[in-house]
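> The lines below spell out each chain.
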Amino acid sequence: MSLNKKILPPKTSRWRTTAVFFIAVIIGLGLFMARESKIYSYMSDSPQACVNCHVMTPVYNSWMHSSHREWANCNDCHVPHDNVFNKYYFKAKDGLYHASVFTARAEPDVIKTKEASQEVVQNNCIRCHVQQVTQVKYDGWIEGHKENRTGRQCWSCHKNVPHGTVRGLTTIKYNIAPIPTDPEGLVIPAWMDKQIRDD
Amino acid sequence: MKNKVLFIVTIIVVFLLGLLASSIVNRKSEAKYKYVPQVNIAENEPRNEVWGENFPLEYQSSLQTLDTSFASMQGGSATRDVLEEDPRLVILFAGYGFSKDYNQGRGHAYAIEDVHNTLRTGAPTSKEDGPMPATCWTCKGPDVPRLMNEKGIAEFYGGTWAETVSEVVNPIGCADCHDPKSMKLRISRPALVEAFDAMGKDINQATHNEMRSLVCAQCHVEYYFDKKLPGKEGVPYLKFPWKNGMTVENMEDYYDNLEFSDWTHKLSKAPMLKAQHPGYETFKTGVHADRGVSCADCHMPYKSEGGQKFTDHHIQSPLNNTSNACQVCHREESSKLIANVYERQRKATENRLKLEDLLVKAHLEAKKCWDLGATEEQMKPILTDIRHGQWRWDYSAAAHGASFHAPVETARVIGSGLVIAQEARVKLARLLADLGHNKPIEMPDISTKEKAQKYIGLDVEKLQADKEEFKRTLLPKWLDEAKAREAKMPINAVSSTKK
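Taken in order, these protein sequences are the chains called A and W.
Here our numbering is used: position 57 in the first sequence is 57, and no number is missing along the way.
Whatever position you read off the second sequence (first residue = 1), add 1000 for our numbering.
Please note that a few of the clues may not be correct.
As the list claims (entries may be wrong) - Have a look at the derived ranges for each label pair, beta carbon to beta carbon: (1) 1287/W - 129/A: 29 to 37 Å; (2) 161/A - 1323/W: 19 to 27 Å; (3) 91/A - 1042/W: 42 to 50 Å; (4) 91/A - 1009/W: 24 to 32 Å; (5) 198/A - 1042/W: 40 to 48 Å; (6) 158/A - 1080/W: 27 to 35 Å; (7) 158/A - 1009/W: 50 to 58 Å; (8) 1009/W - 105/A: 23 to 31 Å.
Stated by the list, open to error - Below, computed lysine-lysine pairings styled on BS3-like, alpha-carbon distance capped at 25 Å: (9) 1269/W - 173/A; (10) 1201/W - 1232/W; (11) 1201/W - 173/A.
Derived by calculation from the structure, the hints in this document are not laboratory data.
In this text, a Cβ means the ideal position worked out from N, Cα and C, and glycines have one as well.
Bound-form chain A, shown alone:
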């Protein structure tokens, strides 16, 4: 009630109707934008959420054709997984930054990760591939293995994983985020299906 009194003019004031109207407009616009920007999808781990921004299509396309498609989605690599609060904090921080740049139309043709994101990705690479990375026997027969392992980023060598060699907006001409390759449905035209089944 006290909040109401602070925000809304008194009932006797001629401003009250106008104020109520504008507050309603604010709420309406907010809901509209939430729906249009699909803000709810960012709470999920679905990679489709990232393609809400069409500049992410080449990144999505290359991931979809990579070996990581079956095992990891965007958040598995690009969001920290040490604890749930840090996950959503980082997600919100990164997301708001991306959204701000996108809204300002300041996105680059080739998107590069910042240092904080690089650290997150590196840790996630190790989190999943820890067995390969920390094989003790490698220390025994690969010279300098420990230094190579701990002194470099994974993608110093694994340069194509998973977003390919050529990156940037110019790598796609049609900006079509691909349809999943094995959907239910016909691989023949409907008219042919009808004719063949009718026989």
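With chain A fixed as given, assemble chain W onto it according to the hints.
Relative to the frame of chain A, chain W by itself:
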């Protein structure tokens, strides 16, 4: 006063939120219109240039199938007269169209033109005339699914080749393989679907990788015309003989049970089978298929142009494009990879030529037996052996790439063909002896294509003259009809891009 400040702040907030909402909507529209199609592609749109408006990279690379400069050891896109290179084939195909004219296929862009040119389609004098049914057009271009949709599948097959000349004018292209809305791969020929049904499989379960071979398997397969389908008697209905499986023996059993023959041999009177081009069947028995490689991986590899990666629609021999086709997986020198392919082809050819020799002699000896008064009963097992021996020869030869796609299977098939052909000749020698001819028969001179064709009684000069007359008179008239028909077909340009 406080209310006034709140009011102004509220107005500013609403305005800024409005700007943000507008920005979101604009950005979403931008995503939608970043790809602006020039035309809306209709279902069964047969004109490749219309699809090319939206997909210029793919269309322009497909036009490169016009290039006929590449010739490999036994393939490539250059024209080759197979009968001239090997006149024995004239004897092997005596009584059939392939003894008149047998050229290696050029690129897809020539599909229509080469059908007009070949002597096998004859020189019809009217739309109801000519030796070939409309079924022959099935794999020549995207007009075929259009016609099947308009007329019905069996009704299309039931027409004449000549009446379809003015209907099928676009060479093999986009609508043969792609869905016009999603651009996903799609099967456009019912024979493949029906063949899967006959095998008890549902083609709609195919994965994307399988589809990258199955779109080729619509046409690069063995097939025959079944004129005895219930409810469609007399219609040369296109079918694949896969009911019992895809191997050379499975298909042979299938044909034998049907008592089917493509033609009766003019010399030996054997009921013959023509292996059309079992490319898909032979490929499936090879190591590349076993490793999950699809036809498109080698014959339509990925290409990068201006930073954009796309499937190269210049369908050709991978030997002309080893860097993109072979070296993606095989880190070897190009010359070594080519040498590896040629080795397999050369070794398969050695035995294939021996089998040809045996078969030619078998046909000629069988003819001698008939001349000496042999009976049907005496000849039947011999003719069956000739049929089976030549079926195995043709299975290996007509698939063209079989000796590389499946060298082990090809060697096996030719090996069993040699045995069968030799068995036929042993029987023939005994029969000749019984008929009083106890010495080798005299072999005619078939050292050139002309001599061989003369020997089997073909008047090739007349056939060629008739064809030239046809191409000079009727063909242009029918093609003009096609031009007039296509001029009436709409092009659904997208309104935002109308000129």
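> For each hint, tell me whether it holds in the structure or not.
Here is how each hint holds up against the structure:
In this structure the hint that residue 1287/W and residue 129/A lie 29 to 37 Å apart at CB holds, the actual value being about 31 Å. Separated by about 23 Å at the C-beta atoms, residue 161/A and residue 1323/W satisfy the suggested range of 19 to 27 Å. The hinted range of 42 to 50 Å is satisfied by residue 91/A and residue 1042/W, whose Cβ atoms lie roughly 45 Å apart. A hinted range of 24 to 32 Å for the beta carbons of residue 91/A and residue 1009/W is consistent with their spacing of about 30 Å.
Look at residue 198/A against residue 1042/W: about 23 Å separates their beta carbons, and that is not inside 40 to 48 Å. At roughly 47 Å, the beta carbons of residue 158/A and residue 1080/W sit outside the given window of 27 to 35 Å. Under the hint 50 to 58 Å, the C-beta atoms of residue 158/A and residue 1009/W, about 52 Å apart, fit the expected range. Range check, residue 1009/W to residue 105/A: about 27 Å between beta-carbon atoms, so the 23 to 31 Å window is met.
Under the criterion of a C-alpha separation no larger than 25 Å, the hint pairing residue 1269/W with residue 173/A is inconsistent with the structure, at around 60 Å. Of the pairs offered as hints, the one joining residue 1201/W and residue 1232/W holds, with about 24 Å between alpha carbons and a cut-off of 25 Å not exceeded. Pair hint residue 1201/W plus residue 173/A does not hold up; C-alpha atoms about 37 Å apart against a cutoff of 25 Å.
In summary, the structure is inconsistent with hints 5, 6, 9, 11 from the numbered list given earlier, while agreeing with the others.
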